[in-house]
Structure formats: C-alpha cells, structure tokens
Amino acid sequence: MKNEISKIIDIIDSLSKDLLISDEHMAWTSYDRVADLKKDLKALTKRLAKNDLTAIEEIELFFAPTGVLQEVSINGMWGLEFIEIGNEIDKHMAEVKKHIKK
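Numbering of the sequence shown is given in the numbering used here, commencing with residue 2 and proceeding in unit increments.
The reader is advised that the hints may include incorrect statements.
[Claimed, not checked] Simulated pairs of lysine-lysine, DSBU-like, Cα-Cα distance not exceeding 30 Å:
1. Lys39 to Lys92
2. Lys99 to Lys43
3. Lys92 to Lys47
4. Lys8 to Lys47
5. Lys102 to Lys47
6. Lys98 to Lys47
7. Lys102 to Lys92
8. Lys92 to Lys8
9. Lys51 to Lys102
10. Lys98 to Lys40
11. Lys98 to Lys3
12. Lys18 to Lys40
13. Lys43 to Lys8
14. Lys8 to Lys40
15. Lys43 to Lys98
16. Lys47 to Lys99
17. Lys40 to Lys92
18. Lys92 to Lys51
19. Lys102 to Lys43
20. Lys40 to Lys99
21. Lys99 to Lys3
22. Lys98 to Lys51
23. Lys102 to Lys39
24. Lys51 to Lys99
25. Lys8 to Lys99
26. Lys3 to Lys18
27. Lys47 to Lys18
28. Lys8 to Lys98
29. Lys102 to Lys8
30. Lys8 to Lys18
31. Lys8 to Lys51
32. Lys18 to Lys43
33. Lys102 to Lys40
34. Lys3 to Lys102
35. Lys51 to Lys3
36. Lys43 to Lys3
37. Lys18 to Lys39
38. Lys39 to Lys8
Just so you know, the hints here were simulated from the structure itself, not pulled from any lab data.
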C-alpha cells in the first residue's frame, strides 16, 4: 500500500508542478488563484504521506467529473491529459481503498 500512496503523491506533485500554472485557468472553480489550489493539494499529499487515509476521499473529489481539476484542465487545454492522469490515480486509489476499514 505504501507504494501506491507514493505513486498518488508523485502524480499530484507532478500535476501541480507541470500543469497547474495559470490563474486564468481557475474560472469555474471555487479558487481564485492556482497557488491556493496547489496549497490544498499539498496539504492532502502531506496527510496521505502520514498514512492519513481520510485524505483519499478528499483527493477523489478533486479528480471527480466536474471537479476542480477537470475544470482547470479544460480551461488550460489539457483535458485529455487529465483523463489519463485521472485513470492512473484511480487505479492507485483503488488499491489503497482495499486497506481502508469501514
């Protein structure tokens, strides 16, 4: 599971660094600035790194259809790449969720 968590963190960190670059792409989201979105994503990855698995549900909301990241990806013209990223993160999250006790 630790490997899956690391992969999720790496995907989010890469997305933050390479794709979340312009405040102009924040239209249709609850964020005014990309820096605020990056801050929230970083806080979630820090929690996940500490094995706080409650962060998984919150991360899923960011990647959900019509979620913040999809809106930003469409405005930023990287919507197709977002689909690939979303599929990859979904795969790793499914593995982590197998270890979450309900």
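Cross-check of the supplied hints:
Restraint check: the Cα-Cα separation between lysine 39 and lysine 92 comes to about 22 Å, which is no more than 30 Å; the hinted pair holds. Distance hint between lysine 99 and lysine 43 is fulfilled; the C-alpha atoms sit about 24 Å from each other, no more than 30 Å. Straight-line distance between C-alpha atoms of lysine 92 and lysine 47 comes to about 20 Å, which keeps the hinted pair within the 30 Å bound. Only pairs whose Cα atoms come within 30 Å are accepted, and lysine 8 paired with lysine 47 is accepted, the gap being roughly 13 Å.
This hinted pair checks out: lysine 102 and lysine 47 have alpha carbons roughly 21 Å apart, not beyond 30 Å. The straight-line distance between the Cα atoms of lysine 98 and lysine 47 is roughly 18 Å, inside the 30 Å bound, and the hint therefore holds. Between the alpha carbons of lysine 102 and lysine 92 the distance comes to roughly 19 Å, so the proposed pair stays at or under 30 Å and holds. A threshold of 30 Å between alpha carbons decides the hint, and for lysine 92 with lysine 8 the separation of about 10 Å falls inside it, so the pair holds.
With a C-alpha separation of about 17 Å, the suggested pairing of lysine 51 with lysine 102 holds against the 30 Å cut-off. A hinted pair counts as satisfied when its Cα atoms are at most 30 Å apart, and lysine 98 with lysine 40 qualifies at roughly 24 Å. Distance hint between lysine 98 and lysine 3 is fulfilled; the C-alpha atoms sit about 12 Å from each other, no more than 30 Å. With a C-alpha separation of about 12 Å, the suggested pair lysine 18 and lysine 40 falls inside the 30 Å cut-off, and the hint holds.
The hinted pair formed by lysine 43 and lysine 8 meets the criterion: a straight-line CA distance of about 14 Å does not exceed 30 Å. For the proposed pair lysine 8 and lysine 40, the alpha carbon gap of about 19 Å is at most 30 Å, so the pair holds. For the hint linking lysine 43 to lysine 98, the alpha-carbon distance of about 20 Å falls within 30 Å, and the restraint holds. Restraint check: the Cα-Cα separation between lysine 47 and lysine 99 comes to about 21 Å, which is no more than 30 Å; the hinted pair holds.
About 24 Å separates the Cα atoms of lysine 40 and lysine 92, which keeps this hinted pair within 30 Å; it holds. For the hint linking lysine 92 to lysine 51, the alpha-carbon distance of about 20 Å falls within 30 Å, and the restraint holds. Under the criterion of a C-alpha separation no larger than 30 Å, the hint pairing lysine 102 with lysine 43 is consistent with the structure, at around 25 Å. Pair hint lysine 40 plus lysine 99 holds up; C-alpha atoms about 28 Å apart against a cutoff of 30 Å.
Under the criterion of a C-alpha separation no larger than 30 Å, the hint pairing lysine 99 with lysine 3 is consistent with the structure, at around 12 Å. The straight-line distance between the Cα atoms of lysine 98 and lysine 51 is roughly 16 Å, inside the 30 Å bound, and the hint therefore holds. Restraint check for lysine 102 and lysine 39: satisfied, since their Cα atoms lie roughly 29 Å apart, inside the 30 Å limit. Distance restraint check for lysine 51 and lysine 99: the Cα-Cα separation of roughly 18 Å lies within the 30 Å cut-off, and the hinted pair is therefore satisfied.
Restraint check for lysine 8 and lysine 99: satisfied, since their Cα atoms lie roughly 16 Å apart, inside the 30 Å limit. Under the criterion of a C-alpha separation no larger than 30 Å, the hint pairing lysine 3 with lysine 18 is consistent with the structure, at around 22 Å. Straight-line distance between C-alpha atoms of lysine 47 and lysine 18 comes to about 16 Å, which keeps the hinted pair within the 30 Å bound. Between lysine 8 and lysine 98 the alpha-carbon distance is near 14 Å, which keeps this suggested pair within the 30 Å criterion.
Of the pairs offered as hints, the one joining lysine 102 and lysine 8 holds, with about 21 Å between alpha carbons and a cut-off of 30 Å not exceeded. Taking the CA atoms of lysine 8 and lysine 18, the gap is about 15 Å. The hint holds against a cut of 30 Å. For a cut-off of 30 Å, the pair hint linking lysine 8 to lysine 51 stands: about 14 Å separates their Cα positions. With a C-alpha separation of about 11 Å, the suggested pairing of lysine 18 with lysine 43 holds against the 30 Å cut-off.
This hinted pair checks out: lysine 102 and lysine 40 have alpha carbons roughly 28 Å apart, not beyond 30 Å. Between the alpha carbons of lysine 3 and lysine 102 the distance comes to roughly 16 Å, so the proposed pair stays at or under 30 Å and holds. Taken as a hint, the lysine 51 and lysine 3 pair is honoured in the structure, with Cα atoms around 10 Å apart against an allowance of 30 Å. Restraint check: the Cα-Cα separation between lysine 43 and lysine 3 comes to about 18 Å, which is no more than 30 Å; the hinted pair holds.
Distance check on the hinted pair: lysine 18 and lysine 39 sit about 9 Å apart at the alpha-carbon level, within 30 Å; holds. At roughly 18 Å between alpha-carbon atoms, lysine 39 and lysine 8 fall within 30 Å of each other, so this suggested pair holds.
Hint compliance for this structure: every hint is met.
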